[in-house]
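Residue numbers (the working numbering), protein chains in the order written: chain A, 1 to 142; chain B, 1 to 142; chain C, 1 to 142; chain D, 1 to 142.
Every clue listed holds true.
Sample of chain D residues facing chain B (criterion: CB under 7 Å; computed from the structure):
{"no.": "1", "residue": "A12"}
{"no.": "2", "residue": "T14"}
{"no.": "3", "residue": "D15"}
{"no.": "4", "residue": "M16"}
{"no.": "5", "residue": "G18"}
{"no.": "6", "residue": "H21"}
Bear in mind the hints are in silico, worked out from the structure with no lab data behind them.
All of these numbers come straight from a predicted model, not from anything done at the bench.
Each residue gets a CB set at the ideal place from its N, CA and C atoms; glycine is no exception.
Protein chains: 4
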Amino acid sequence: MTHEFSTIARYAETDMMGVIHHSVYLIWAEAARMDMMDNMGYTYTETEKSGIMLPVTEVKFSYKAPSFFEDKIRVECAVTHMDNRRLRIDYQIKAGDRLCCTGYTKHIFMNSESRTSMRIPTEVLDKFRKYFTPEFEQTKNK
Amino acid sequence: MTHEFSTIARYAETDMMGVIHHSVYLIWAEAARMDMMDNMGYTYTETEKSGIMLPVTEVKFSYKAPSFFEDKIRVECAVTHMDNRRLRIDYQIKAGDRLCCTGYTKHIFMNSESRTSMRIPTEVLDKFRKYFTPEFEQTKNK
Amino acid sequence: MTHEFSTIARYAETDMMGVIHHSVYLIWAEAARMDMMDNMGYTYTETEKSGIMLPVTEVKFSYKAPSFFEDKIRVECAVTHMDNRRLRIDYQIKAGDRLCCTGYTKHIFMNSESRTSMRIPTEVLDKFRKYFTPEFEQTKNK
Amino acid sequence: MTHEFSTIARYAETDMMGVIHHSVYLIWAEAARMDMMDNMGYTYTETEKSGIMLPVTEVKFSYKAPSFFEDKIRVECAVTHMDNRRLRIDYQIKAGDRLCCTGYTKHIFMNSESRTSMRIPTEVLDKFRKYFTPEFEQTKNK
Chain A
1 MTHEFSTIAR YAETDMMGVI HHSVYLIWAE AARMDMMDNM GYTYTETEKS GIMLPVTEVK
61 FSYKAPSFFE DKIRVECAVT HMDNRRLRID YQIKAGDRLC CTGYTKHIFM NSESRTSMRI
121 PTEVLDKFRK YFTPEFEQTK NK
Chain B
1 MTHEFSTIAR YAETDMMGVI HHSVYLIWAE AARMDMMDNM GYTYTETEKS GIMLPVTEVK
61 FSYKAPSFFE DKIRVECAVT HMDNRRLRID YQIKAGDRLC CTGYTKHIFM NSESRTSMRI
121 PTEVLDKFRK YFTPEFEQTK NK
Chain C
1 MTHEFSTIAR YAETDMMGVI HHSVYLIWAE AARMDMMDNM GYTYTETEKS GIMLPVTEVK
61 FSYKAPSFFE DKIRVECAVT HMDNRRLRID YQIKAGDRLC CTGYTKHIFM NSESRTSMRI
121 PTEVLDKFRK YFTPEFEQTK NK
Chain D
1 MTHEFSTIAR YAETDMMGVI HHSVYLIWAE AARMDMMDNM GYTYTETEKS GIMLPVTEVK
61 FSYKAPSFFE DKIRVECAVT HMDNRRLRID YQIKAGDRLC CTGYTKHIFM NSESRTSMRI
121 PTEVLDKFRK YFTPEFEQTK NK
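Excised from the complex, chain A in its bound form:
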C-alpha cells in the first residue's frame, strides 16, 4: 500500500528560473511522510514525545520535469526497506499527471534523550508495515 498526499506549489517556492526550486521537493516529501505516519495512527509529535526521533541520514532525488507555481502537487510514498534500526521511504512526485521527481529518504530510529541510534520497539515497527511496499522502489519511476 502506498500513501497519497497533495499540496499546492507556493509562490515563495519558485525561483528566478520560473520553476519550483529543487530543495522544495524534500519539504513536500517530508510533509507526505509525516502525513503517512499520521495515517498509521502514529503522529510524529507523539513519536518525539515517546522519545523516538527519525532523523534523515540520506536523501536522493532525481528531477525529471519542472513544476510551477499553482501546480497541484501529488506525492505518493511508501516504506521500501525496514528493520529494527532503520527505514527507507520512496517518493513519486507529480504535478497533475506530469512526473516531476522521484527519490528516497533513509532514516534511523534515534533516542531523543541520548541522541544515539536505538532499536525500534516492535509495536512501533508494526505500524510502518501497513505502508511496507518494497516494489515501489521500482514502480515509482513509471
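Based on the hints, put chains B, C and D in the right spot on chain A.
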C-alpha cells in the same frame, strides 16, 4: 466577504524554539492571497502573463500565540483598501481555534515590462471588489 | 551605535518575479539581530540556555526597491526601544548602495520553562544598551 | 583544486529537533556552487543572460552529524565529472571541524529559451576545468 484558506504546519517550518518560525506566517498569508485571487477568477499566473504584477510594498504582522507542527492552520483574508494603484489585504491566522497572528500586506500594481507602478484596468479592479471588506481591518483581531 | 551585518543573496531566495522574495528580509534581519547579540557578548544560544527567550511579537517591513541574486546585502540594525519586558530593533537593508527595505521587529523576554513573559535581569538588559540608538528609528529611512 | 565557501547557520534554518533541517544543506551547497562559478570568472547571472541554465537533475546527500544554530559552516566543493552536456559537483560540509554532510548534485546545460538540453560551448566548459578534481568524489568523505 472574506476568503478562507487552510494548510497544515510543516516540520521544516518549525524552529529550535519548538514553534513555527515567525517568517512562515508571511508565506501562509501569500498562499491565502493567491488562493483568494484564484477564487476571483483571476490566477496570479494569468495576472503576470497579462503584464501586471502585484509586488508587496509593506507587511505588518502581530504574533499573539504560537502555532506548532501538524497544527491545522486557517487563514482568513479580505481586501481592506483598494484604489486603481494599490491594494491592502488583511489576514487572521488561526491554529484550530487559537488566534495566532493578524496582519496585513500592501501591494502596488506594477507593469511587468517596465517594472514601474501602473493604474489597474477597471475590469481587473472589479474582480477584487468581491472580497472588499474594509471592516475586516478591525474584526480580524477578534 | 548601530551594528552592521553582511550576507550574499542566495539563488534559493529568489522567486519567479526574478527578485528576492519579500519574506527573506525577515530572515536577513534575524541573522543581523543574532549577530548583534553575539557582539554584545551574549549569544542567542546562551540566552536560551539561561532560560530567556526573545520571541518576535510584531514585524513591520517596507519594501522600497528589489534586491537580486548575488547582491551583496548589508543590514544595519540597532535597539530603538527597550524596557525590562520588551525590545524593539530597527533595520535598514541595502543591496550595495541601494536602499531596499526598512523595518522593525518587536520582542518580549520570555521564560523558556513557563513560556510566559518575564522581567529581564538588569545585567542582561545592560548588554543591549551598547546598541541602544533610538534615533535610528528615523535615520534608517535615509 | 577545490573551492571553499563559508556561512553561518541561521536561526530560521533550525527545526524543532534543535538542529539544522536536512533540506538546508542543499541551499548551502548551492550557495557554494554559485560562489565557485563566480570564482571561475563566470557568474550565474551572466550564465543565464548568455542563454545557458544549469538546472539540477539529481541530488544525493548523506548526513553524518548534526549542525546547530550559529555554527560556522564550511562547504568544500569541486567538479567531479564533466562533459559537454552535463556536470557533477561534489560537496563536503563541516561545522567547525565536524564532518556533517557529504553529497553531490548533477546538472545539465540547458538552453534558457527552448528549455531543452544543449551542448556547452568549449570556452564555458574550460572555465569549469579549474575546479575539475575527480578524486574529490572519494576524498570528500574523509
